[in-house]
Each structure stands twice: as C-alpha cells, then as structure tokens.
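Trainee: Take the sequences, apply the hints, and build the full model.
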Amino acid sequence: DSGVTQTPKHLITATGQRVTLRCSPRSGDLSVYWYQQSLDQGLQFLIQYYNGEERAKGNILERFSAQQFPDLHSELNLSSLELGDSALYFCASSVGRAQDTQYFGPGTRLTVL
Amino acid sequence: GESVGLHLPTLSVQEGDNSIINCAYSNSASDYFIWYKQESGKGPQFIIDIRSNMDKRQGQRVTVLLNKTVKHLSLQIAATQPGDSAVYFCADDNYGQNFVFGPGTRLSVLP
Numbered sequence: 001d002s003g004v005t006q007t008p009k010h011l012i013t014a015t016g017q018r019v020t021l022r023c024s025p026r027s028g029d030l031s032v033y034w035y036q037q038s039l040d041q042g043l044q045f046l047i048q049y050y051n052g053e054e055r056a057k058g059n060i061l062e063r064f065s066a067q068q069f070p071d072l073h074s075e076l077n078l079s080s081l082e083l084g085d086s087a088l089y090f091c092a093s094s095v096g097r098a099q100d101t102q103y104f105g106p107g108t109r110l111t112v113l
Numbered sequence: 114g115e116s117v118g119l120h121l122p123t124l125s126v127q128e129g130d131n132s133i134i135n136c137a138y139s140n141s142a143s144d145y146f147i148w149y150k151q152e153s154g155k156g157p158q159f160i161i162d163i164r165s166n167m168d169k170r171q172g173q174r175v176t177v178l179l180n181k182t183v184k185h186l187s188l189q190i191a192a193t194q195p196g197d198s199a200v201y202f203c204a205d206d207n208y209g210q211n212f213v214f215g216p217g218t219r220l221s222v223l224p
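Chains as they are written, first to last, in this note's numbering: chain A, 1 to 113; chain B, 114 to 224.
Hints are computed from structural coordinates only; laboratory data are not their basis.
A few of these clues could be false.
Simulated crosslink set (DSS-like; lysine-lysine; CA at most 27 angstroms straight-line) [to be verified]:
id, chain 1, residue 1, chain 2, residue 2
1, B, Lys-169, B, Lys-184
2, A, Lys-9, A, Lys-57
3, A, Lys-9, B, Lys-155
4, B, Lys-184, A, Lys-57
5, B, Lys-169, B, Lys-181
6, B, Lys-155, A, Lys-57
Residues from chain A that keep clear of chain B, each with C-beta distances beyond 10 angstroms, as calculated [to be verified]:
id, residue
7, Ser-2
8, Val-4
9, Arg-18
10, Leu-30
11, Lys-57
12, Leu-61
13, Arg-63
14, Glu-82
15, Gly-84
16, Ser-86
17, Val-95
18, Thr-101
The structure presented is a predicted model; accordingly, all values stated were derived computationally and were not measured.
Ideal placement from N, C-alpha and C gives every residue a C-beta, glycine not left out.
Mentor: If you want it as structure tokens, here you go:
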C-alpha cells in the first residue's frame, strides 16, 4: 500500500459525459501527479500540482482539467468523453517539487461506452 | 523532443537467474532516472533511482547502471524470483520538468 488513495476504482460512463476522479496523496506529500495509462500509449504524464499550484503540464487535453485543494487532495475532471479516453488513470504523490520518488495510487479504470 | 525507450518489450528468465532490463534515453540533459515495477492490476511501484553523477547504484537484489556516454540505463535483478514477474518501466525526469516513461518491458519468470 503506497498511501495514495484514488476513488472511484472503476467508472463506466457514456460518450459526451463528464467525470471527476479523486486522489488523496500520502501524508506530508505536497506534489500530486496525474497519469493516463492506455494499452497503446503506456504511461503518459498529464499534469502536476505542487502545494496547490500547477507546476508542470504534459499531454493533457483541453477537455481535461485538474486542481489541487488546500487539503492537498486533487481532482481530475474529464469532460466531453470519447471512446479513446478509456484508460487507467493514476495519481502519484511526492514530497517535493521535482526529482522525487513518486508513489502511485491503485488507479481508476475509466470505461467510456 | 526527448524520448525514453526500451530495447525489448518482453523478457523471459529462469527462476534463480539474473535479469537485465535495458532502457535508452535521448535527452542528454536528463539527470535523474527511476525504475518502476508494475504488477498486474496495480499502480507502478518505485524500485530504485539514480542521478547522473553516478554510474551505478545498488539496492536489495537490484542494481541500476547508467552509461551517460551512450545514454543507456539498465536494471539488473539478481536471483530472479516468481514475484519479480511484472512490467518494468524506466522514467526520465526530463530535466526536472516532468517524468517521461518508457513503454515498459514485461518480465516473465519461468519455473
């Protein structure tokens, strides 16, 4: 158990819908990262927040957004869902801003029908 | 742009043998690398890391080697066990910006 929690574990929804994925980092960690893992793309970095502020942005679509709240939990919002958005979404946390070991949560499996 | 890639998508080894998983990176400015293990149905798990001012780092049954000249990284697992069966990813910190993960190598341990 990494100490990072993610909810829900599974999510099934329809195209065009909007969903919110939630992540609670390990106690004491200030950074939260979001990753998308699909069969043909591997692990793709989406976005990082550090202490409430966006720090780095990767291959995140404009339909996706995230935020980190004062209690350091984070939410990833996915809207106008498409079939291709079906994937595993992982959250990770680390103590610092960069070059820190990232601890991954168990992931949320999103299925878009 | 930078990329991190793995030489082999799959690797099968006999239980008790040593395993070597390779990774190539293209960004010569990268200075921090991590190996992760991902078991089926779970999130990636940190194994070992290495900074660019080192050539070698050892952990428990694992050793990471870094060759900056040819931009190559390897993970050696000693006395491979059935519990080592997983997908292994190398990750590059992209010069402190974000982590770029390789496609992964699936390690299968044969009895």
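Trainee: Would you mind marking each hint as holding or not holding in the structure?
Mentor: Here is what the structure says about each hint:
1. The suggested pairing of Lys-169/B with Lys-184/B holds, with an alpha-carbon distance near 14 angstroms, which does not exceed 27 angstroms.
2. Of the pairs offered as hints, the one joining Lys-9/A and Lys-57/A holds, with about 24 angstroms between alpha carbons and a cut-off of 27 angstroms not exceeded.
3. Using a Cα cut-off of 27 angstroms, the hinted pair Lys-9/A and Lys-155/B holds, with the two alpha carbons roughly 11 angstroms apart.
4. Distance hint between Lys-184/B and Lys-57/A is fulfilled; the C-alpha atoms sit about 25 angstroms from each other, no more than 27 angstroms.
5. For the hint linking Lys-169/B to Lys-181/B, the alpha-carbon distance of about 11 angstroms falls within 27 angstroms, and the restraint holds.
6. Our distance criterion of 27 angstroms between C-alpha atoms is met by Lys-155/B and Lys-57/A, whose separation comes to about 24 angstroms.
7. The beta carbon of Ser-2/A is not kept farther than 10 angstroms from every beta carbon of chain B, the shortest such distance being approximately 7 angstroms.
8. Its closest Cβ contact with chain B, about 8 angstroms, brings Val-4/A to no more than 10 angstroms, contrary to its assignment away from the interface.
9. At the 10 angstroms boundary, the C-beta of Arg-18/A stays outside the reach of chain B, the nearest C-beta of that chain being 24 angstroms off.
10. Chain B leaves Leu-30/A outside its interface by the beta-carbon criterion, the shortest separation being 16 angstroms against a cut-off of 10 angstroms.
11. At the 10 angstroms boundary, the C-beta of Lys-57/A falls inside the reach of chain B, the nearest C-beta of that chain being 8 angstroms off.
12. With a least CB separation of 16 angstroms from chain B, Leu-61/A remains clear of the 10 angstroms interface cut-off, as annotated.
13. Distance to chain B confirms Arg-63/A as a non-interface residue, since its nearest Cβ pair spans about 20 angstroms, more than 10 angstroms.
14. Here Glu-82/A stays apart from chain B, with its beta-carbon at least about 23 angstroms from theirs, past the 10 angstroms limit.
15. Consistency note on Gly-84/A: stated as away from chain B, and its beta-carbon is indeed over 10 angstroms from all of that chain's, at 18 angstroms minimum.
16. Distance check for Ser-86/A against chain B: the nearest CB is about 16 angstroms away, which clears 10 angstroms, and the non-interface claim stands.
17. In this structure Val-95/A is separated from chain B by more than 10 angstroms, as the shortest Cβ-Cβ distance comes to about 13 angstroms.
18. With a minimum CB-CB distance of about 5 angstroms to chain B, Thr-101/A fails to clear the 10 angstroms threshold, and the non-interface call is violated.
Figure legend: structure checked against the earlier numbered hints; hints not met, in rising order: 7, 8, 11, 18.
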